[in-house]
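Participant: If you read the sequence shown in our numbering, its first letter stands for residue 51, the second for the next number, and so on.
Watch out, some of these pointers could steer you wrong.
Unchecked claim - Below, a list of computed lysine-lysine pairs in the BS3-like style, where the Cα atoms sit at most 27 Å apart:
# : residue 1 : residue 2
1 : K133      : K157
2 : K146      : K135
3 : K90       : K160
Hints are computed from structural coordinates only; laboratory data are not their basis.
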Amino acid sequence: MHTLKCKSIEELVEVVVETYELLHDCDRNVSFVAKYDHAKEILRELVFYDYDLKFVELADPEWDNYEDEYVISIVCDEIFCEKLKLDGRYCMLSPKFVFFDENANSKCVKYFESDMKYEFEITEEESGDDSDHMIDHHDCDDYDCDSRSKDNSMNVDFSDDGQGFTCSKHDKNGYSSISYWSSEQFDKDRLSEILKSFYL
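Generate the whole structure from the sequences, applying the supplied hints.
Facilitator: Set out below in structure tokens:
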């Protein structure tokens with residue numbers, strides 16, 4: 051599982067929403083998994099986006115004695131929040147992407163049948179490497195990754211140690227920079243496959 055480091059919940063939600071917006075309609079389903087404190091902050095940030103609140107079940111643990119994880123999902127531009135554990139058992143879910151709070155129980159990871167799983171960390175530490183941040187999801191087949199043009203440009207830099215890459219892109223809508231980092235080492239072909247898997 052990969053790690054996404056953000057300085058705040060606001061930054062985390064911004065990155066995940068950007069990811070969601072770039073998915074094809076049939077895949078527009080992303081989830082956060084977090085305990086109460088982070089779950090309420092995630093919901094607080096999500097209401098600033100143009101999504102409808104469809105179902106929300108969230109309570110302070112002192113109120114209903116539920117101290118386990120919540121799953122917050124964006125599905126078809128609607129927000130859902132519910133307990134991940136029902137009757138003492140985790141529910142099975144299958145969002146396209148899922149982002150687990152570092153404080154979530156590792157046992158819940160196996161209950162998600164997802165293409166991509168990330169652990170997120172909220173840290174105030176300055177990172178000297180942009181590769182700690184999440185990568186966006188564009189359709190890589192629509193662009194030549196080494197090409198430059200007046201309207202569209204995408205550039206990819208692979209790290210020398212084989213642990214990640216950074217991709218920057220600009221078009222008529224603006225500029226975006228995305229990065230991927232792993233503790234594992236890969237050859238360039240494998241990193242290229244990972245890059246393409248993100249650019250759905």
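Participant: Look at each hint and say if it fits the structure.
Facilitator: So, going through the hints one by one against the coordinates:
| no. | hint | verdict |
| --- | --- | --- |
| 1 | K133 to K157 | holds, 15 Å |
| 2 | K146 to K135 | holds, 20 Å |
| 3 | K90 to K160 | holds, 24 Å |
Taken one by one, the earlier hints all hold for this structure without exception.
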